[in-house]
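J.: Below are the chains, spelled out letter by letter.
2 protein chains.
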Amino acid sequence: MDDDSKNIQKKITPRAEDYSKWYSDVIDAADIADNSAVRGCMIIKPYGYALWEKIHTIFDEKFKKLGVSNAYFPLLIPQSFLAKEAKHVEGFAKEVAVVTHHRLESDGKGGLKPAGELSDPLIIRPTSETIIYDAFSRWICSYRDLPLLINQWANVLRWEMRTRPFLRTTEFLWQEGHTAHRTSQEAAEFASKIINEYKDFVEQDMALPVIAGYKSESERFAGADQTLCIEAMMQDGKALQAGTSHMLGQNFAKAFNVSFTDEKGKPNFAWQTSWGVSTRLIGALIMAHSDDKGLVLPPKMASISAVVVPVGQGTAEYDNVLKYAKEFAQRLESETGLAVKFDDRELRSGEKYFYWEKRGVPVRIEIGPRDLAKKSVVYVRRDNGQKSFVAEADAAIKLKELLADIQTSLFEKAAKFRKDNLRPVDSWGDFKQTIDAKPGFIKAHWCGGAECEAKIKEETMATIRCIPFDVEAEAGKCVFCGKKSNNRVIFAKAY
Amino acid sequence: MDDDSKNIQKKITPRAEDYSKWYSDVIDAADIADNSAVRGCMIIKPYGYALWEKIHTIFDEKFKKLGVSNAYFPLLIPQSFLAKEAKHVEGFAKEVAVVTHHRLESDGKGGLKPAGELSDPLIIRPTSETIIYDAFSRWICSYRDLPLLINQWANVLRWEMRTRPFLRTTEFLWQEGHTAHRTSQEAAEFASKIINEYKDFVEQDMALPVIAGYKSESERFAGADQTLCIEAMMQDGKALQAGTSHMLGQNFAKAFNVSFTDEKGKPNFAWQTSWGVSTRLIGALIMAHSDDKGLVLPPKMASISAVVVPVGQGTAEYDNVLKYAKEFAQRLESETGLAVKFDDRELRSGEKYFYWEKRGVPVRIEIGPRDLAKKSVVYVRRDNGQKSFVAEADAAIKLKELLADIQTSLFEKAAKFRKDNLRPVDSWGDFKQTIDAKPGFIKAHWCGGAECEAKIKEETMATIRCIPFDVEAEAGKCVFCGKKSNNRVIFAKAY
Chain A
1 MDDDSKNIQK KITPRAEDYS KWYSDVIDAA DIADNSAVRG CMIIKPYGYA
51 LWEKIHTIFD EKFKKLGVSN AYFPLLIPQS FLAKEAKHVE GFAKEVAVVT
101 HHRLESDGKG GLKPAGELSD PLIIRPTSET IIYDAFSRWI CSYRDLPLLI
151 NQWANVLRWE MRTRPFLRTT EFLWQEGHTA HRTSQEAAEF ASKIINEYKD
201 FVEQDMALPV IAGYKSESER FAGADQTLCI EAMMQDGKAL QAGTSHMLGQ
251 NFAKAFNVSF TDEKGKPNFA WQTSWGVSTR LIGALIMAHS DDKGLVLPPK
301 MASISAVVVP VGQGTAEYDN VLKYAKEFAQ RLESETGLAV KFDDRELRSG
351 EKYFYWEKRG VPVRIEIGPR DLAKKSVVYV RRDNGQKSFV AEADAAIKLK
401 ELLADIQTSL FEKAAKFRKD NLRPVDSWGD FKQTIDAKPG FIKAHWCGGA
451 ECEAKIKEET MATIRCIPFD VEAEAGKCVF CGKKSNNRVI FAKAY
Chain B
1 MDDDSKNIQK KITPRAEDYS KWYSDVIDAA DIADNSAVRG CMIIKPYGYA
51 LWEKIHTIFD EKFKKLGVSN AYFPLLIPQS FLAKEAKHVE GFAKEVAVVT
101 HHRLESDGKG GLKPAGELSD PLIIRPTSET IIYDAFSRWI CSYRDLPLLI
151 NQWANVLRWE MRTRPFLRTT EFLWQEGHTA HRTSQEAAEF ASKIINEYKD
201 FVEQDMALPV IAGYKSESER FAGADQTLCI EAMMQDGKAL QAGTSHMLGQ
251 NFAKAFNVSF TDEKGKPNFA WQTSWGVSTR LIGALIMAHS DDKGLVLPPK
301 MASISAVVVP VGQGTAEYDN VLKYAKEFAQ RLESETGLAV KFDDRELRSG
351 EKYFYWEKRG VPVRIEIGPR DLAKKSVVYV RRDNGQKSFV AEADAAIKLK
401 ELLADIQTSL FEKAAKFRKD NLRPVDSWGD FKQTIDAKPG FIKAHWCGGA
451 ECEAKIKEET MATIRCIPFD VEAEAGKCVF CGKKSNNRVI FAKAY
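If you read the sequences in order, they're chains A and B. Sequential numbering from 1 applies to the first sequence in the numbering used here. Sequential numbering from 1 applies to the second sequence in the numbering used here.
None of these hints come from the bench; they were simulated from the model. Just so you know, not all the hints are guaranteed correct.
[Unchecked claim] Selected chain A positions facing chain B (Cβ under 10 Å, derived; list incomplete): (1) Glu53; (2) Gln79; (3) Gly108; (4) Leu118; (5) Pro121; (6) Asp134; (7) Lys457; (8) Thr460.
Beta carbons are placed, not taken as given, at the ideal position from N, Cα and C, and that holds for glycine.
One chain only, chain A, in its complex shape:
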């Protein structure tokens, strides 16, 4: 789609002016998503969907290496299933779409009305523990059927009150993994393995550092014994939960009778895990690196690695430039195996620069009449605007080096930002002042009590993001109540 006419002039609101408006401007300008006629549901446009395809491909391979198989379970779930696990229903009943009819008929006024009422209403899955574990209860008989490691790529729906593209939408795409094991330890180890895979992807591919840790009891998944998470810091200092892996214990196994006979013929309930990442990762990716000119993509996530822009329109040599630039782009693509786009549209080169800048393509390659003569080209980095002159013979190797460097730079920049905005705080006064005055995370002592946690949230909007896995033992006092604490936890306002 050629949408220059519509987008090229559109200005992106600077972050400093309105961070939230900046975020949606970046999405618009990069042609990533569109609103739909349905409340809270967005359309993921091709350039945005390409990001999801990357995420899908990379994780699918990771999961399969762990022995996980893909399967597919029904979209609709009997409402009675939801109620089988007490905390689960409490967590989800308030936000599920309910199907009550199975056809439409004329309302006699030229419109339509629902007809064919169902005796048992169905809900659209907000997550699939219940319908999947109902199947597990049939599939698992003996210890030989374990571990059972299943993943599903699917859409889910949660009726959110306030929505925002990718970060919180009524419908979203995700993967949900569901496993059953013989022992608590094996399940816990698997849940850990997964959170490590998530961390590895977000840090290595998305160039975004995360803190991995445990959720406090109040922040756990509805029905889990333990929730492991990774938390990233956005450019406004807020936290974004990028992935979760839940140790479900035997809670669902008992509710759905997921049981097996062990080696001695003794019946047991299985130990389970569930885990997921969603299109929310795209929101994190956009927020993490983009700037006031638009999207910035880490090279490993970019569907177009470099764009070749011929310059010098109107000069006598432009036909030669076009011919050379086209061949250059093709050669570069075949030599590097990367996606190199050649932009020969009839637009001024400045417009093209702007166009690809907004789309976050990591490297722009300019080729003009003078470059032609010198057998060299100009590489321009999207992340910092740096230009370098590259001899034609070095084009492939230099592009690879530059992309690797951009990937590292983006991670380091994000890591530095997080380091600069992760503050130890030791008194309640400081806590309140810091959370209001400065963006970022707070490391503070907490007694472990749900009451303190709730009051802190009430007064400051900050929640416990996690208790980091690598937390150092440190004697201290709860920042709110002053009771004894053995380590600091991470507090922040969150998306």
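Got chain A sorted already, so can you dock chain B onto it with the hints?
T.: Leaving out everything else, chain B in the frame of chain A:
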């Protein structure tokens, strides 16, 4: 999952005894799908989902080569959208799931009831023309935005009265392509290109010959000007529509205002196509080649190409056999790049043969003590049971040759069956007798009238499957009314 205990003894009903029962027995025995607690919705188990992953991968590459981009649109559609195209709503209103509430609350009797009624009910997409073309109307402004070529991999839902795994399920997975073009001719050419891609896949990869052609007006997609289809013959002689590509003309463009200004600044409605294949293809695949022993998979669709079974349990050499067989399997896999499974479970080899036979793995490789001594192995074809002795040095090349031969044999067998069961019929008496007495397709003259078509369907259950693209001109008389006809069309009972 190790489900030997449950499945290994299960007998498959022979086709001749009960074709329909045979079909579901094959699915059970191969561990492809499972029923769910939700009416008409099945669970696709890992071994069945692997087939969908093949279909997905192959088509995704084909579509991208044609310049089609993937995107994602909302699951839920305002009910008013459906009504915008008159024939479309007529075709789908009777079978849509309607969402009327957005939460559940206690019913005061220990159960739950729907709450939070929506002022405008939403339907779950039965297909996405309406929601996608609403977006197209915003995305398309000028001729430079065309062609717009979009595809979506998604789940859809149609409230079917009678369901059968894969062939007709309330929810199914599919791809739906949606395109917009400047001219009628360009759209028609694109719709043709797609049906050719479908034919190519089903014939080359699924080893199943199809007849490509036009649908009669009564059998067209609700809202289309023309529907192109591919029709396959199942082993019971019934037809199965395996894919459709619709020329939508300007019907939806007018209903949703998908318009563009042409080179001269004149406004125009776009010409559109939509096209899809679904998990129904898996049903066709199962029905096409399987036999009374279970699933038979053409090698190009098999997620496991060959299985190595060590034989001679209990003999002194068995440890050596195990060691050798394992190395053999690994070497064969790395040399061929194919998936070669090594089955070292503690089961009798006969049980293992049966296990993999039911799952349709194309080649079984037996290795016993005598083979070890002779440095040779035994290859057994799943399709016809033929055994061959293969020298270790030839293992890789022979496996590739054998798989290619199985692929061709399966296609030829299916092509012969179709040829033998495609009968020209010239009188109404013969038609009625043939359709009742013999399985298969009938080639008969038809006047082109919807009335004759309807009466033929009423009396015989046979429908016009298609008017083949390559139909020969032949003067004749309508088999029902005797009016003039210029060519024969294909009639059959259909799934």
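J.: Checking against the hints above, which ones are violated?
T.: When the structure is compared with the hints, numbers 3, 7 and 8 turn out to be violated.
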